[in-house]
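One-letter residues, chain by chain:
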Amino acid sequence: MSKNPPNYISTTNACKLCTPLGAALAFKGIEGAVPYLHGSQGCATYMRRYIISHFNEPIDIASSSLSEKHAVYGGGANLKLGLMNVTEKYRPQLIGIATTCLTETIGDDVKLFLREYDKEVEGEKPIMVQVSTPSYSGTHMEGFHNAIASVVEALAGRDGKQDIGSGVNILPGFVSPADIRYLKEITDDFSMKATILPDISDTMDGPAAKTYAKIQPGGTPLSAIAVMGNSMGSVEFGHTMAEASGGVLLAEKFGVENTRMAMPMGIGASDRFFAYLSRLSGVPVPEKHQAERGRLVDSYVDSHKYVYGKKAIVYGEEDLVVGLTTFLAEIGVMPVLCASGGKSGKLAERIRQATADLLPEQPQVHEAMDFYDISELAESLGPDLLVGHSKGYPLAQKLSIPLIRVGFPIHDRMGGQRILHLGYRGTQQLFDLVVNACIAKKQGDSPIGYSYM
Amino acid sequence: MWSFWHSRCCSLWQINQEEGTSMELLKEREEQIYRTGEQPFSLSCDKDSLAGAVSQRACVFCGSRVVLYPIADALHLVHGPIGCAVYTWDIRGALSSGPELHRLSFSTDLQEIDVIFGGEKKLKRALLELIERHSPKAAFVYSTCIVGIIGDDMEAVCREVEKETHIPVIPVKSEGFMGNKRAGYTAACNAMARLIGSGDTTGISPYSLNILGDFNLAGEIWLIREYFERMGVEVVANITGDGRVADIKRAHGAALNVVQCSGSTMELARMMEDEYGVPSIRVSYFGVEDMAQALYDVAEHFNNPEILEKTRQLVKEELQELLPKLSFYKKALQGKKAAIYVGGSFKAFSLVKAFRLLGMDVVMVGSQTGTEQEYRELAEITDPGTIIVDDTNPLELTSFLEEKEVDIFVGGVKERPIAYKLGVGFCDHNHERKEILAGFSGMLNFAEEVYSSVMSPVWRFTYQKEAAQEKNCRIALANPKN
Numbered sequence: 001m002s003k004n005p006p007n008y009i010s011t012t013n014a015c016k017l018c019t020p021l022g023a024a025l026a027f028k029g030i031e032g033a034v035p036y037l038h039g040s041q042g043c044a045t046y047m048r049r050y051i052i053s054h055f056n057e058p059i060d061i062a063s064s065s066l067s068e069k070h071a072v073y074g075g076g077a078n079l080k081l082g083l084m085n086v087t088e089k090y091r092p093q094l095i096g097i098a099t100t101c102l103t104e105t106i107g108d109d110v111k112l113f114l115r116e117y118d119k120e121v122e123g124e125k126p127i128m129v130q131v132s133t134p135s136y137s138g139t140h141m142e143g144f145h146n147a148i149a150s151v152v153e154a155l156a157g158r159d160g161k162q163d164i165g166s167g168v169n170i171l172p173g174f175v176s177p178a179d180i181r182y183l184k185e186i187t188d189d190f191s192m193k194a195t196i197l198p199d200i201s202d203t204m205d206g207p208a209a210k211t212y213a214k215i216q217p218g219g220t221p222l223s224a225i226a227v228m229g230n231s232m233g234s235v236e237f238g239h240t241m242a243e244a245s246g247g248v249l250l251a252e253k254f255g256v257e258n259t260r261m262a263m264p265m266g267i268g269a270s271d272r273f274f275a276y277l278s279r280l281s282g283v284p285v286p287e288k289h290q291a292e293r294g295r296l297v298d299s300y301v302d303s304h305k306y307v308y309g310k311k312a313i314v315y316g317e318e319d320l321v322v323g324l325t326t327f328l329a330e331i332g333v334m335p336v337l338c339a340s341g342g343k344s345g346k347l348a349e350r351i352r353q354a355t356a357d358l359l360p361e362q363p364q365v366h367e368a369m370d371f372y373d374i375s376e377l378a379e380s381l382g383p384d385l386l387v388g389h390s391k392g393y394p395l396a397q398k399l400s401i402p403l404i405r406v407g408f409p410i411h412d413r414m415g416g417q418r419i420l421h422l423g424y425r426g427t428q429q430l431f432d433l434v435v436n437a438c439i440a441k442k443q444g445d446s447p448i449g450y451s452y453m
Numbered sequence: 001m002w003s004f005w006h007s008r009c010c011s012l013w014q015i016n017q018e019e020g021t022s023m024e025l026l027k028e029r030e031e032q033i034y035r036t037g038e039q040p041f042s043l044s045c046d047k048d049s050l051a052g053a054v055s056q057r058a059c060v061f062c063g064s065r066v067v068l069y070p071i072a073d074a075l076h077l078v079h080g081p082i083g084c085a086v087y088t089w090d091i092r093g094a095l096s097s098g099p100e101l102h103r104l105s106f107s108t109d110l111q112e113i114d115v116i117f118g119g120e121k122k123l124k125r126a127l128l129e130l131i132e133r134h135s136p137k138a139a140f141v142y143s144t145c146i147v148g149i150i151g152d153d154m155e156a157v158c159r160e161v162e163k164e165t166h167i168p169v170i171p172v173k174s175e176g177f178m179g180n181k182r183a184g185y186t187a188a189c190n191a192m193a194r195l196i197g198s199g200d201t202t203g204i205s206p207y208s209l210n211i212l213g214d215f216n217l218a219g220e221i222w223l224i225r226e227y228f229e230r231m232g233v234e235v236v237a238n239i240t241g242d243g244r245v246a247d248i249k250r251a252h253g254a255a256l257n258v259v260q261c262s263g264s265t266m267e268l269a270r271m272m273e274d275e276y277g278v279p280s281i282r283v284s285y286f287g288v289e290d291m292a293q294a295l296y297d298v299a300e301h302f303n304n305p306e307i308l309e310k311t312r313q314l315v316k317e318e319l320q321e322l323l324p325k326l327s328f329y330k331k332a333l334q335g336k337k338a339a340i341y342v343g344g345s346f347k348a349f350s351l352v353k354a355f356r357l358l359g360m361d362v363v364m365v366g367s368q369t370g371t372e373q374e375y376r377e378l379a380e381i382t383d384p385g386t387i388i389v390d391d392t393n394p395l396e397l398t399s400f401l402e403e404k405e406v407d408i409f410v411g412g413v414k415e416r417p418i419a420y421k422l423g424v425g426f427c428d429h430n431h432e433r434k435e436i437l438a439g440f441s442g443m444l445n446f447a448e449e450v451y452s453s454v455m456s457p458v459w460r461f462t463y464q465k466e467a468a469q470e471k472n473c474r475i476a477l478a479n480p481k482n
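If you read the protein sequences in the order shown, they are chains A and B.
Just so we're aligned, residue 1 is where the first sequence starts under our numbering, counting upward by one.
Just so we're aligned, residue 1 is where the second sequence starts under our numbering, counting upward by one.
No lab work stands behind these hints, which were simulated from the structure alone.
Note that CB positions come from ideal geometry on N, CA and C, so glycine has one too.
Each hint should be verified, as a subset may be incorrect.
[What the hints assert, rightly or not] Under the rule of at most 20 Å between Cα atoms (straight-line distance), these lysine to aspartate or glutamate pairs were calculated in the EDC-like manner:
| id | chain 1 | residue 1 | chain 2 | residue 2 |
| --- | --- | --- | --- | --- |
| 1 | B | Lys124 | B | Glu162 |
| 2 | A | Lys398 | B | Asp90 |
| 3 | B | Lys137 | B | Asp46 |
| 4 | B | Lys434 | B | Glu449 |
| 5 | B | Lys330 | B | Asp361 |
| 6 | A | Lys69 | B | Glu24 |
| 7 | B | Lys27 | A | Glu124 |
| 8 | A | Lys80 | B | Asp48 |
| 9 | A | Lys125 | B | Glu24 |
| 10 | A | Lys398 | B | Glu100 |
[To be verified] Stretch by stretch, here's where chain A covers chain B in the computed footprint (C-beta under 8 Å, at least three residues):
| id | stretch |
| --- | --- |
| 11 | 54 to 67 |
| 12 | 86 to 93 |
| 13 | 171 to 183 |
| 14 | 307 to 316 |
| 15 | 416 to 423 |
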């Protein structure tokens with residue numbers, strides 16, 4: 001079996017999204033913020049549609065709606081007009097401006113335009129944070145992390161009147177609203193003040209309400225971002241983001257100790273996260289969470305035979321793939337291919353580090369993959385399971401194997417925003433999903449009609 | 001400095017959030033909204049979307065992609081960075097009875113280095129690779145924003161590849177910023193015009209037609225084809241639902257073009273009339289009235305007693321089947337209020353009529369790309385007070401739905417969460433639908449879908465009812481005379 005990744009010129013059925021989409025989602029996790037794309041109208045609309053199909057929530061992304069003449073003479077005037085209109089209509093606290101391939105290529109200097117805007121426009125002005133997100137460079141995850149770094153760079157501070165060295169900053173990356181709600185519950189249980197950046201738990205999974213909010217309530221409060229420099233420590237989930245991440249900036253500017261750790265998926269990685277919080281807070285892991293861990297171990301034991309030796313293909317964002325692969329290795333599933341459309345250059349090493357003591361043999365790990373490549377490799381690998389977002393469904397259908405839906409997007413099922421991935425509780429849910437998918441497959445394939453396991 | 005901004009913005013923001021959704025229109029948007037009965041009719045449309053208004057429209061590329069994408073045995077290669085291709089990967093339910101090449105998402109996935117040095121070489125290699133791999137009958141190459149800026153000569157690359165591969169390789173000029181969705185329709189029509197006329201037309205019946213502007217969502221074109229076949233009329237080419245390159249090449253041999261979704265394909269019909277003398281008629285397959293009218297118009301065009309008789313028979317049979325089933329829904333839905341926001345306004349006409357047939361009132365109707373003439377006609381057929389709107393946005397839609405106390409909103413994916421957050425029922429009449437809504441049986445499906453959303457018991461748990469009652473209370477207190 002070849003260990004060389006396929007090397008095609010064209011991309012078919014990409015396993016990545018474009019940079020500004022990640023930035024828009026990250027901005028959406030800040031209180032009172034409206035994401036804004038400096039580009040042509042289509043980008044914002046396509047992304048809205050793509051995001052809505054997963055979250056089933058409104059997401060208004062404004063656009064400079066550039067036309068031909070702006071492409072020739074520059075988009076500055078339309079950017080300013082757009083910002084004024086968004087300010088008037090939405091009254092946001094913050095506008096998060098991301099560029100697109102169009103405006104990056106015509107060389108629009110957004111920083112300059114914003115300085116001019118500040119001078120030229122009278123009256124109410126929201127805070128403007130801008131991030132450079134050319135879609136020909138990186139994936140949505142680079143857009144996401146860079147947007148967060150821009151927010152930290154622009155807004156994070158330290159307040160001498162408040163306690164220095166209290167609380168924790170959590171920069172979880174792109175996780176689900178359910179994950180963020182759970183992270184809040186955990187830090188509450190440790191009696192810790194936590195600033196989670198970004199926080200899409202309410203903005204992208206809001207409860208029904210009496211009136212329609214122009215900007216959905218929730219998100220990381222600006223007042224909390226303003227004192228992130230006061231925290232004892234920052235924790236970032238994932239290792240594949242650029243060097244200058246939000247957590248690193250907080251360390252450089254305010255000396256807040258930054259810890260990068262893998263997404264807490266599976267018992268081992270979750271233990272490290274809980275231990276971190278315990279060390280930082282000086283509080284032992286609360287009984288409730290120890291009990292959840294205990295139930296998880298109990299269920300691992302109860303179900304281990306149904307999953308042992310099953311072969312899985314894992315795909316998606318790099319850090320998510322690392323987390324999922326570690327979890328699968330931990331329960332005896334054999335990841336045979338780990339694939340991502342991202343190309344940090346770090347994926348294989350991260351997987352090796354996380355699974356070296358669990359797996360007898362390392363899986364194939366390939367970056368810059370699309371679903372054509374994955375499908376081609378899958379033929380010889382004979383997987384029993386696919387683990388990833390819903391765009392893997394055509395492959396799962398072709399191979400007649402179950403798809404464990406995780407991450408983003410989930411476009412063919414309801415409730416993508418409520419999938420829990422992290423910690424003991426998220427691991428428990430994923431574990432039950434994987435086990436039952438294996439059992440259901442065996443049951444479905446058997447002519448006997450077993451009504452027991 | 002920062003804390004100043006913060007406190008100031010916070011307070012403004014809080015005030016605003018407490019105000020709820022009461023809304024002033026942006027000045028530039030006022031001309032794009034008209035209320036039926038207000039005189040004289042005036043509505044501005046077919047212009048660029050306003051920056052910062054959060055238009056529901058997409059772009060030129062979207063217009064082209066929508067129209068050409070259902071051609072199932074062609075390669076559709078998006079030349080640009082990954083976004084444009086990945087957001088349009090198999091998102092529209094255009095079904096094929098055979099090959100399904102259109103359901104794959106192909107991109108040159110341009111990287112920074114391509115932007116600096118140009119993407120022509122990569123495009124050529126990608127095309128050769130994909131054509132060898134998939135053996136398509138033709139290739140469409142879509143340009144995206146960035147290609148328009150870096151100046152790749154797509155014509156030249158396509159010509160070279162066409163020579164080497166001996167299939168039509170057609171550039172589609174669909175740079176996102178070069179106009180709005182309508183410009184994309186034009187680019188798609190231009191692309192198809194390069195295919196038409198190159199196929200053999202021998203053996204085509206004098207009673208024959210092309211179906212233009214139906215994209216075979218949920219299999220609708222199969223139903224329409226079946227109607228035409230029952231009438232004794234041959235369908236030459238589906239343009240483009242379940243479309244095939246070979247059929248489109250010989251489409252000029254048909255005796256008639258029957259054009260639905262006129263915004264997108266009327267231009268092609270005009271080109272075919274000029275070049276090949278194929279006449280065209282505009283039709284709609286939505287709703288009982290328009291469906292029957294479409295079939296009669298075709299029959300009358302051919303002026304053949306046998307076809308006319310078969311058409312009468314067909315309509316009679318279908319109505320006999322349909323009307324008794326519809327009466328149940330009419331009774332239940334009588335007097336309910338509907339709002340419509342769709343891509344092209346021609347479909348909106350049929351929807352207005354379809355709702356009337358169900359005894360429902362249309363209180364708002366709008367589209368992304370309607371023309372002034374179409375809006376004028378909508379103003380003529382709708383009740384006084386009906387809001388007619390061009391290129392609207394979420395906040396306007398929200399205020400219209402609230403003001404009119406709508407029971408059901410018809411739109412696409414981007415409109416859905418707006419309806420649901422307002423506690424309003426929703427019917428997806430866009431490209432994601434999986435039930436046939438066209439034709440006679442489609443009318444029944446439409447009624448069923450509207451009914452299942454409006455009558456669902458879930459609305460009793462949403463908070464809008466309570467809020468509406470409170471609001472009425474406040475109004476009563478403020479205006480004791482009422």
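Results for each hint:
| no. | hint | in the structure |
| --- | --- | --- |
| 1 | B:Lys124 x B:Glu162 | holds, 10 Å |
| 2 | A:Lys398 x B:Asp90 | holds, 16 Å |
| 3 | B:Lys137 x B:Asp46 | violated, 35 Å |
| 4 | B:Lys434 x B:Glu449 | holds, 11 Å |
| 5 | B:Lys330 x B:Asp361 | holds, 12 Å |
| 6 | A:Lys69 x B:Glu24 | violated, 29 Å |
| 7 | B:Lys27 x A:Glu124 | holds, 18 Å |
| 8 | A:Lys80 x B:Asp48 | holds, 16 Å |
| 9 | A:Lys125 x B:Glu24 | holds, 18 Å |
| 10 | A:Lys398 x B:Glu100 | holds, 14 Å |
| 11 | 54 to 67 | holds (count 9) |
| 12 | 86 to 93 | holds (count 6) |
| 13 | 171 to 183 | holds (count 5) |
| 14 | 307 to 316 | violated (count 0) |
| 15 | 416 to 423 | holds (count 7) |
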